[in-house]
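Could you slot chain X onto chain L? The hints should help.
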Amino acid sequence: MHVIETKDCSFIYGIGTPFEMTAVDKVSIQVEKGEFLGVIGHTGSGKSTLIQMLNGLIRPTSGRILLEGKDIWEEPKKIRAVRFKVGMVFQYPEYQLFEETVLKDIMFGPKNMGLSDQEAEKRAREAAHFTGLREELLTKSPFDLSGGEKRRAAIAGVLAMDPSVLILDEPTAGLDPRGRDVLLSQIKQYHKSRGNTILFVSHSMEDVARIADRVLVMNGSQVEILAPTKEVFEKGSELEKIGLRVPQVTAIMQSLAESGFPVEPGTLTVDDALRQLLPILKGRGDKA
Amino acid sequence: MITDITFGQFFPGKSTVHRTDPRVKLCMTIFLIVLLFCSGNFASLAVTVASILALMLLSKVPMRLYLKSLKPILFIVLFTSALNMFYGTGTPIFELGFLTVTINGVMNAIFLSVRIMALILCSSILTFTTSPTELTDAIERLLKPLSYIKVPVHEFAMVMTIALRFIPTLLEETDKIMSAQKARGSDMESGGIVQRVKALVPILIPLFVSAFRRAFELATAMESRCYHGGKGRTKMKQLKLGGIDLAAVLLGVLALVAVIALNTLLPPSIVI
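From first to last, the protein sequence lines are chains L and X. If you're matching positions, the first sequence starts at 1 in our numbering and goes up one per residue. If you're matching positions, the second sequence starts at 1001 in our numbering and goes up one per residue.
Extracted from the complex, chain L is given alone in its bound form (with noise of 0.2 Å):
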């Protein structure tokens, strides 16, 4: 059974104003149970509209979303049984922080579910070491730590909901590489442990492509593709024409092949690349 799906949502800001805008225009689409989606677009293309939609912040103005073949909006009350299923972790999740230390801030959202304190005491511990907290670092303030140490404090604020499925936008946006490398690894590890699913939106299409299994490309509202990441990678130009493009290694294997090289034009990482091209340029050197 799919885990998420949409039937033409659509969600339009401001009815009535001069300010009235379309986000999401009639989306379907449909999640696999443990698979991880990423989510590209150009700003403005509605892919956080769509996001929010499906964890319940924002009500679809038509449409539905069923979460496991079930309606989420048919009780409005019991809309936080649902936030508690699909985790979001918002952009610059940072400025969420707010309790005295960084424990008590990571226990907020199990505590909400109605967890008693060891519990969530538990979890909490649990959520910090995925993201690679350090221990010591749990009992100071929030607003001590360091930036890249406040992303992680508030991403494991959202696992310790332990959510079946775990919305991530742009989780790695004004992180320096080597935190990105790091957060993303660990992400693909949590997914690998947990073995639930992961949709994570970005603006690196080096990041999807090292990280996700399908890709959800949105374009003005609309779902433009949805399928395999190697299958979307491959439609370079089609990308390029609606303001995206392919991670670098991507469109450098694709030139090759096209300039005669035995490369496949789909491939998505640079050790993938490697291990393609040392042969090839082995054999070059010993023919010299």
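Just so you know, these hints were derived from the structure itself, not from any lab. The hints are all genuine.
For each label pair, taking beta carbons as the anchor points, the in silico distance ranges come out as:
| hint | chain 1 | residue 1 | chain 2 | residue 2 | range |
| --- | --- | --- | --- | --- | --- |
| 1 | L | Gln30 | X | Leu1083 | 56 to 62 Å |
| 2 | L | Asp181 | X | Glu1172 | 29 to 35 Å |
| 3 | X | Glu1172 | L | Thr139 | 31 to 37 Å |
| 4 | L | Glu238 | X | Leu1241 | 51 to 57 Å |
| 5 | L | Gln30 | X | Glu1172 | 30 to 36 Å |
| 6 | X | Leu1058 | L | Lys77 | 44 to 50 Å |
| 7 | L | Ser255 | X | Gly1013 | 49 to 55 Å |
| 8 | X | Ile1110 | L | Lys7 | 48 to 54 Å |
| 9 | L | Lys77 | X | Ile1110 | 38 to 44 Å |
With a straight-line cut-off of 27 Å between C-alpha atoms, the simulated DSSO-like cross-links for lysine-lysine are:
| hint | chain 1 | residue 1 | chain 2 | residue 2 |
| --- | --- | --- | --- | --- |
| 10 | L | Lys230 | L | Lys26 |
| 11 | X | Lys1198 | L | Lys85 |
| 12 | L | Lys140 | X | Lys1198 |
| 13 | L | Lys122 | L | Lys111 |
| 14 | L | Lys78 | X | Lys1176 |
| 15 | X | Lys1198 | L | Lys78 |
| 16 | X | Lys1150 | X | Lys1231 |
| 17 | X | Lys1235 | X | Lys1150 |
| 18 | L | Lys26 | X | Lys1176 |
| 19 | L | Lys70 | L | Lys111 |
| 20 | X | Lys1198 | L | Lys111 |
| 21 | L | Lys33 | L | Lys78 |
| 22 | L | Lys85 | L | Lys33 |
| 23 | L | Lys70 | L | Lys33 |
| 24 | L | Lys111 | L | Lys192 |
| 25 | X | Lys1198 | L | Lys104 |
| 26 | X | Lys1176 | L | Lys7 |
| 27 | L | Lys33 | L | Lys230 |
| 28 | X | Lys1176 | L | Lys111 |
| 29 | X | Lys1176 | X | Lys1198 |
| 30 | L | Lys33 | L | Lys192 |
| 31 | L | Lys122 | L | Lys188 |
| 32 | X | Lys1176 | L | Lys104 |
| 33 | L | Lys122 | X | Lys1198 |
| 34 | X | Lys1176 | L | Lys85 |
| 35 | L | Lys7 | L | Lys70 |
| 36 | L | Lys140 | X | Lys1176 |
| 37 | X | Lys1176 | L | Lys77 |
| 38 | L | Lys77 | X | Lys1198 |
Quick reminder that beta carbons are idealized off the backbone N, C-alpha and C, glycines included.
Only chain X this time, still in chain L's reference frame:
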């Protein structure tokens, strides 16, 4: 959503009212409000209300938005008219125990309700059609004489501009933080008053932190662009009076004459 508040919002447009000089608009708004309170009977009130309605139509802002701006004061209107109904003299309509509703009371209630609503509509015309920057420009220009007695007019205007400029930003920020906390299961819609106030803490703390952060950032940005107060500062958009402004003032005078005439010719409507 929190961004649904229409009172005090600006709706861009190119109507005659939009193009009127902000100084004239500001003065005319104050003038119309004074006129509202000077209107002593239904006839003169009708003249003032008619001029306000005419301006609303001229502004080309949808009527629905004006109605929406009345929503927050609905309670005050109902409350005052309910009270006024019992405070009149003259022919009683019906009695409720020791309370008596009289014709005069009902008339007074209608008169005052119309006056309060017209008051709000009148100020809505100003804010709907004037951008915050235009408005502070107008205030700065109008208060300029005060700078001769060492009142820091420019600084006041700048503080106001910045404050107004940050209202939408902070609203947006509040919206974001609320969404983030809601996503973590914070419950703002149910529970008693104590719980609701407690639910505000996770929103207010991050909001304060970010307001201070923004203030520091803005101060740095202004300083790095060599801002040093109003001395010797020139304006890119100079305010100039034109034909529309002259027409507006003339119509205002006309309304004033009509109100004075009707006030003296007819008896006052408020009777206690």
